[in-house]
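**Q** Top to bottom, those sequences are chains A and B. So the first sequence is residues 1 to 292, counted in the working numbering. So the second sequence is residues 1 to 385, counted in the working numbering.
Keep in mind the hints are simulated off the structure, nothing from the lab. Don't take every hint at face value.
Claimed, not checked - Computed from the model, here is a short list of chain A residues facing chain B with C-beta under 10 Å: (1) GLN178; (2) GLU182; (3) GLU184; (4) PRO203; (5) LYS204.
As the list claims (entries may be wrong) - Listed below are the simulated SDA-like cross-link pairs for lysine to any residue, each with C-alpha atoms no more than 20 Å apart in a straight line: (6) A/LYS204 with B/LYS6; (7) B/LYS6 with B/PRO71; (8) B/LYS363 with B/GLY214; (9) A/LYS103 with B/GLY13; (10) A/LYS204 with B/GLN136.
Ideal Cβ positions, reconstructed from N, Cα and C, are used throughout, including at glycine.
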Amino acid sequence: MSADVFDAAARPLPLSAVDESRWTRRLLIAVALAFMGLFLLAPLLVVFIEAFSRGAGFFFDAIVEPDALAAIQLTLLAAAISVPLNLFFGVCAAWCIARFEFKGKGLLITLIDLPFSISPVVSGLIYVLMFGLHGWFGPWLRDNDIQIIFALPGIVLATIFVTFPFVARELIPLMQEQGGEEEEAAVVLGASALQIFWRVTLPKIKWGLLYGVLLCNARAMGEFGAVSVVSGHIRGETNTMPLHVEILYNEYNMTAAFSVAALLALLALVTLAAKSALEWRFSAELAALKKH
Amino acid sequence: MNIDIKAITKRFGAFAALNAVDLQVRDGELLALLGPSGSGKTTLLRIIAGLENADSGEVLFGGENALERHPRDRGVGFVFQHYALFRHMTVFDNVAFGLTVRPRAARPPKAEIARRVTELLKLVQLDWLAERYPTQLSGGQRQRVALARALAVEPRVLLLDEPFGALDAKVRKELRRWLRRLHDDMGLTSVFVTHDQEEALELADRVVVMNKGGIEQVGSPAEVYRDPASAFVYEFLGDVNRLEVEIEGGAARLAGPGGPPLGGVTGRGGPAVAPAVAYVRPYDIDLVPAAPNDAGFTVGVIRHVQEVGPLIRAEVDLHGTLLEAAKTVHHGGGEDKTVEWRQGDRVRVSFRRGVVFAADANKPLALAPFHIPGGGAGEFHAVRT
């Protein structure tokens with residue numbers, strides 16, 4: 001009798017209906033980890049190993065070299081201009097899509113997705129066709145001595161185009177789900193439009209907004225295709241970091257290429273770490289927002 | 001402050017949410033807008049608050065045009081169905097919001113705001129939860145925070161959209177009584193929307209019954225319950241039996257061949273047969289055991305008996321039509337003079353009172369029991385009341 005009881009205790013607990021068996025679970029976890037390791041972690045490691053393969057000194061030399069510095073500066077500048085603009089446009093677009101009913105709303109939603117569905121090369125070419133020397137506005141721009149293509153404005157335009165959907169896409173479902181009752185409550189309580197935005201709407205969407213901005217920023221710094229078409233690849237002038245990496249790579253300057261690439265990857269990692277840190281810091285508040 | 005609503009019309013596309021609605025809300029009263037979903041009650045409330053624009057018509061607050069004013073300047077307190085508390089703010093900040101968004105000149109100093117918020121939280125008995133976030137509160141607590149927030153701006157009018165809709169039955173009852181007291185103590189003019197007839201009848205000074213974008217009846221709870229102005233009101237307010245009948249020679253009988261007589265109809269003589277609908281409440285039906293010689297009476301069979309709290313309900317099959325009868329139980333003490341109802345019993349069914357809506361008449365007619373001389377069968381005289 002007592003032996004039976006012990007036997008029963010030794011057996012694994014009965015599985016609930018939604019539990020997979022232990023082996024299925026292990027297999028699934030193993031596959032997921034292996035996939036992550038092979039396709040995400042390994043390449044990242046390779047980048048850093050290759051970058052430091054000739055020592056830290058070489059790595060820093062490759063980064064502080066004037067052309068590389070110029071590329072870093074240009075990349076940061078382009079991101080610093082395009083991310084705030086997309087933040088603004090994204091909030092506006094999400095606001096009117098989530099809050100108002102109007103004709104052409106479906107078209108607007110489709111248009112927001114356009115940069116995702118279109119090849120970045122085509123996005124670049126659009127600007128060449130419009131602002132290039134033989135483009136629609138080319139002659140007028142030349143007569144007025146305004147340079148867009150093969151200059152900073154072109155790079156910024158291409159970056160804005162490519163990264164436009166991130167903020168809006170992140171906010172639209174969030175704002176639709178949250179609805180506008182809190183804003184209505186604020187109106188009745190006497191708040192002005194600006195007060196409602198700063199004190200009610202923004203706190204409600206700030207995490208989604210932050211996530212959208214971080215993604216937008218990561219893509220803005222890393223964009224290659226569209227920027228490649230409009231930049232003109234002038235070393236030290238219109239080369240962004242990704243373009244600089246490509247040039248170094250094509251010159252068989254592997255270690256230097258990987259050094260700049262490592263820096264680019266590092267920027268992405270810092271972005272992710274910042275997001276995680278913020279989430280951790282405000283975890284209680286975040287949970288409160290989600291449960292509601 | 002009294003509110004005058006004049007010919008308010010609102011359409012959503014092809015759907016007429018409100019059709020030239022007129023309504024007067026008296027100063028200091030607690031008014032219920034009662035109706036099924038889609039009857040326009042919430043739309044009307046939102047138009048009063050300014051959260052929705054009327055297509056045409058007027059809303060006057062104490063005689064002055066309210067529609068010209070921005071919702072934030074109307075001096076209205078609004079409690080939303082799902083409370084709409086600011087989820088990222090503490091209870092304290094939620095209640096303080098209406099005061100802190102005032103323009104600098106009209107904004108009370110910080111200490112004064114704190115004092116008023118604490119006072120309000122004490123009023124709703126939640127001062128001990130001031131630092132919590134809305135998600136950490138129960139439904140009833142959120143409801144009270146929403147109320148305190150609405151009251152913080154000292155509104156002239158308090159509007160509540162399904163204020164107890166999301167609460168469980170017990171909390172709902174408590175909050176109802178509490179709201180009634182609060183309304184009386186603060187001398188507010190309040191309008192609340194509900195689809196729950198019990199809530200409207202228990203809480204309100206006057207009830208506005210709405211249907212399909214129009215008002216069916218306005219009156220005190222007793223008035224709308226006792227004298228429903230239309231078939232809709234009768235059906236919507238409380239349990240009621242709906243019977244297809246025919247009126248013939250001053251009496252109503254169940255429609256169809258061989259339909260048993262139900263009672264006399266006041267003010268309807270003549271031999272002409274008219275189709276009509278009769279409404280009788282369950283506790284206006286008497287069931288008495290049928291005698292073997294009761295062939296001429298209205299006799300039915302009890303199909304089912306059910307005891308619900310203090311009520312006994314019986315389902316009676318009367319000539320193929322199912323009726324619900326009800327009476328109160330006399331538990332213990334005192335002699336129970338009423339007869340026990342048992343499943344399968346043959347019973348004589350009599351209707352103490354009811355209302356008949358004839359297809360060719362626009363006024364409801366009263367259904368009254370027959371006077372049966374000497375308990376004999378066959379002869380019926382309508383009792384004139």
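**Q** Checked against the structure, which of the hints given earlier come out wrong?
**A** The structure breaks only hint 6.
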